[in-house]
Amino acid sequence: MRGALLLVRFAAAVVGDDRYREQWEADVVGARGLGMSPLGVAFGALRAVVSMPSKGVAVAGIGPLGMALKHAGTSRGRVLAIAVVSALLLLGGVVMLFA
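Sequential numbering of the sequence shown, starting at 101, is according to my numbering.
Since the hints were made in silico from the structure, they are not lab data.
Keep in mind the model is a prediction, meaning the values are calculated, not measured.
Glycine residues also receive a C-beta, built at the ideal position from the N, C-alpha and C atoms.
Check each hint, because a few of them may be wrong.
[Unchecked claim] What follows is a list of derived Cβ distance ranges for each label pair: (1) L197 to R119: 21 to 27 Å; (2) S151 to L191: 23 to 29 Å; (3) L189 to G130: 41 to 47 Å.
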């Protein structure tokens with residue numbers, strides 16, 4: 101149960117809205133009464149975070165993830181994919197410099 105609550109709190113922190121945290125914590129606490137796994141509910145909250153559209157200000161900063169979130173009006177999953185590909189390209193360039 102504690103692990104599920106931690107996952108839900110992390111997911112709500114990514115979104116940056118306390119309403120989601122309260123709702124998802126209540127869902128995790130009430131999951132057993134409905135015959136559901138609290139951990140399954142928590143992973144459902146994480147999947148919801150990935151598919152939610154980004155507001156573009158969730159992460160302010162420099163780097164691939166910051167740039168992707170700033171310019172993307174799409175889901176967080178797609179933004180994460182852009183950030184990973186950008187970081188890999190950057191890392192590949194650095195490796196080629198020293199090879």
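Unsatisfied constraints (hint numbers, rising) = 1
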